[in-house]
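Peer 1: So the chains spell out like this:
There are 2 protein chains.
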Amino acid sequence: MTTPSLIAADWGTTNFRLFLYDEAGQVIARHAANIGLKNLGVLSFEQALLSVLKGDFAGLEHLPFLLSGMVGSRQGWVEAPYAACPASLQTLADGLVKAPSELDVAIVPGLFAESPGTGLLNVMRGEETQIFGILQSDPSDGFFVLPGTHSKWALVRGGKVESFSTHMTGEMFQVLKAHSILGLLMENSTDNEEVFLKGVERGMYNRAFLSVIFSVRTEALFNHIAPEHLATYLSGILIGAEIVAELERHGKSPVRLVGDGALVDLYEKALAFAGFTDVTRFDGNAASESGLWAIHKLRSSK
Amino acid sequence: MTTPSLIAADWGTTNFRLFLYDEAGQVIARHAANIGLKNLGVLSFEQALLSVLKGDFAGLEHLPFLLSGMVGSRQGWVEAPYAACPASLQTLADGLVKAPSELDVAIVPGLFAESPGTGLLNVMRGEETQIFGILQSDPSDGFFVLPGTHSKWALVRGGKVESFSTHMTGEMFQVLKAHSILGLLMENSTDNEEVFLKGVERGMYNRAFLSVIFSVRTEALFNHIAPEHLATYLSGILIGAEIVAELERHGKSPVRLVGDGALVDLYEKALAFAGFTDVTRFDGNAASESGLWAIHKLRSSK
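In order, the protein sequences belong to chains H and R.
Using the numbering used here, the letters of the first sequence map in sequence onto residues 1 to 302.
Using the numbering used here, the letters of the second sequence map in sequence onto residues 1 to 302.
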């Protein structure tokens, strides 16, 4: 029989995933809940966390808690200031911040970096934990691609996150679909690989971004793309624009692609289309689980 | 004393501007009303038009009406199908469509074109009338820039609109400000030329569009740009991205800049920053007035 030793969570704006570890670092229970930062309602962070300690998690309030993600932002439970890149696993352990609570809660800091060559600042929260989670089993140098609301492309060298950039690909898709003229003609979205890759191609080879997205409207007006395929066309344009920008900076380097579900399928197709021949997929939840335990161990060993 | 001979309007999604002409084509009365397509409510187009025939326009229902803009779109009063480029003033007169009404209402067609070198389709409604309005007094070849929700860059040769492209610059600004994370940190916007031009520069020289816009958030997080200047910074990035795309296609050609108010001031600054040395401004309302009359005369002379 195993003994519970740590409760950890990836706690973001939308998602919340809770993990229970035994003393050897094996995850013995998991729970997902609808308490992302934007869904907290009147609950405090502590109340929200206690509210999910049910089932396998019941009666374990005495355990240490370790949280990563937007819960450590200025709008979160307590701010865990961004640590500077290059950053190691030790940087994250050193930057842990205790939450103001009766519970024993530590929050993982985010990272900030200048994106290479541009002088633009970038920030991440949650992805750093996933990257170090994957590095536990595969410590080699290289690029990590973490698709999402704000996609990250991170370069790891010598066990450190050296630099990274952000693309607002997921959020752009959502706001254009819900709030712009481009969403007006979209109907009952269904996937279509050919239309998706047409979007990827146009997003890659037409760098006039504000212009190429308008083709979502005109391709519909002239019946070139069916209403139910317009969303997949738009997603192709956006993912293509993201990929070509990184391609120009880094070439077709091997990449580790981190995440889950249909979104990562799309990135896999788009990366293949763009000529990336060395793409390895990693499960996003497993990466968080592994990263949170690695940070916990490093803290405990001090 | 002058005799009223024509009522014309530029009738768009948001704006509605009504003009009354005497027999010589002089505008003798003007009226602006809040009956853009999105504000019609339960009114039919005919009811809305009749509702604004007050004051100088009272009792003139018997005159011919000529309308340009989104009123001729599929969501408008009646669809006036897009005419193909290259298109002349005659093309517009030939493409007039009568509205289903007791009134004598004709609607100006929009234009469509393949944007040069990309194969992407583009459409305009209303801007074609403004361009031909300006050509009445200045018929020379060259580029027209019409900033707005969907900015247009049109090339005129030999009295015809030969091709044009669209940039969703204005709409992108609105949706990102109102509906994305970039708007969250914005406060009480005030203009700041230095910050605006910093945005223009970054929009021009960093082609990773989805990445450079994220700097609106990070420049705020790290207190590099004050909350009240974030909106002007974002508008700079977007206008810079639009200008550099056209610069790559056409170089720093002379441009005629068409429109009104603060938006055109911004474009004038950004174009100067980008190195366009030959920029001439034209008033947007005057351009519409002149274009509508020119179409009317051509139709009447048949």
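No lab work stands behind these hints, which were simulated from the structure alone.
What you are looking at is a predicted structure, and each value in this text was computed from that prediction instead of being measured.
Possibly wrong hints are sitting among the right ones.
What the hints assert, rightly or not - Derived BS3-like pairs (lysine-lysine); straight-line CA-CA distance at most 30 Å:
(1) Lys-54(R) <-> Lys-160(R)
(2) Lys-38(R) <-> Lys-177(H)
(3) Lys-38(H) <-> Lys-252(R)
(4) Lys-54(R) <-> Lys-269(R)
(5) Lys-160(H) <-> Lys-54(H)
(6) Lys-177(H) <-> Lys-269(H)
(7) Lys-252(R) <-> Lys-160(R)
(8) Lys-177(H) <-> Lys-177(R)
(9) Lys-38(H) <-> Lys-98(H)
Peer 1: Against this structure, judge whether each hint is valid.
Peer 2: Hints, one by one, checked against the model:
A distance of roughly 37 Å separates the Cα atoms of Lys-54(R) and Lys-160(R); the hinted pair therefore is violated under the 30 Å criterion. As the CA atoms of Lys-38(R) and Lys-177(H) are separated by approximately 18 Å, the hinted pair is consistent with the 30 Å bound. Of the supplied pair hints, the one linking Lys-38(H) and Lys-252(R) is violated, its CA atoms being roughly 46 Å apart against a limit of 30 Å. Simply put, Lys-54(R) and Lys-269(R) have alpha-carbon atoms about 39 Å apart, too far for the 30 Å limit, and the pair is violated.
Taking the CA atoms of Lys-160(H) and Lys-54(H), the gap is near 37 Å; set against the 30 Å cutoff, the hint is violated. A threshold of 30 Å between alpha carbons decides the hint, and for Lys-177(H) with Lys-269(H) the separation of about 22 Å falls inside it, so the pair holds. A threshold of 30 Å between alpha carbons decides the hint, and for Lys-252(R) with Lys-160(R) the separation of about 21 Å falls inside it, so the pair holds. Annotation: proposed proximity of Lys-177(H) to Lys-177(R) holds, straight-line Cα distance about 15 Å (limit 30 Å).
Straight-line distance between C-alpha atoms of Lys-38(H) and Lys-98(H) comes to about 22 Å, which keeps the hinted pair within the 30 Å bound.
Checked against the numbered hints given earlier, the structure breaks hints 1, 3, 4 and 5 and satisfies all the rest.
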